[in-house]
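For the protein sequence lines, the chains are A and B, in the order given.
182 is the number of the first residue of the first sequence in the numbering used here; add one for each residue after it.
16 is the number of the first residue of the second sequence in the numbering used here; add one for each residue after it.
Source of the hints: derived by calculation from the structure; they are not laboratory data.
Check the hints yourself; a few may be wrong.
[Claimed, not checked] Which chain B residues face chain A? A few, computed with CB under 8 Å, are given here: (1) Gly31; (2) Gly43; (3) Val45; (4) Ser46; (5) Pro58; (6) Ala68; (7) Asp78; (8) Phe80; (9) Thr117.
Idealized CB from N, CA, C, for every residue including glycine.
As a plain string of letters, each chain reads:
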Amino acid sequence: KQEVTQIPAALSVPEGENLVLNCSFTDSAIYNLQWFRQDPGKGLTSLLLIQSSQREQTSGRLNASLDKSSGRSTLYIAASQPGDSATYLCALNGNSGYALNFGKGTSLLVTP
Amino acid sequence: GAGVSQSPRYKVAKRGQDVALRCDPISGHVSLFWYQQALGQGPEFLTYFQNEAQLDKSGLPSDRFFAERPEGSVSTLKIQRTQQEDSAVYLCASSPGLADPTYEQYFGPGTRLTVT
């Protein structure tokens, strides 16, 4: 069974810092990997989707990388802002082709 | 356009009661998914519909859980004889195509179920 681990579980940084969130997985047979943002009491907002044939995706201040051989993905957030405070979830689309396997998330707090 | 909507947003049920949770996917989306998110955990897959056909229900935790999508649009997740361990946020997602991993899944705001 695919195991998805996110480190750290929680992170607090001052505004303006660059930061990296980590996601590791045990089975490299994946179709794609998504990073989501979840605000308290809200649903999931998709941030970036990386297909298995891709190495990275960028959107604004966000950059996500994928290394299937090592079973790792990172989400890089540049120049963090208080509005970035949320829980960030990594999810893999694996053997079934549709059921997403999620990590437990990293809770990020960016302080002014 | 409108996103995925879910109702009710919050539901409190006494143990043993039956509940029904509704999901309205994005119009025209073929695929629909239900996930369960316990407090402090990531979402866990429950079931998948392609149009009105329930193709995968392997994630449903017990036979007290039942989902349907009779006309291939709105879906209902029903939980019979609720137990405290059913307390969680139930998330619905839809995607435009068949089970194609290149398609993103678009999530609704969830229904927070609390069983007392």
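Hint check results:
1. Gly31: Result: violated, 27 Å to nearest chain A Cβ.
2. Gly43: Interface hint status for Gly43 of chain B: violated (17 Å vs cutoff 8 Å).
3. Val45: This interface hint is violated because 11 Å lies over the 8 Å limit.
4. Ser46: holds (7 Å)
5. Pro58: Holds: closest Cβ of chain A sits about 5 Å from Pro58 of chain B, inside 8 Å.
6. Ala68: Violated. Min distance 13 Å.
7. Asp78: Given a least distance of 20 Å, the restraint on Asp78 of chain B is violated.
8. Phe80: violated (16 Å)
9. Thr117: holds (7 Å)
Checked against the numbered hints given earlier, this structure breaks hints 1, 2, 3, 6, 7, 8; the rest are met.
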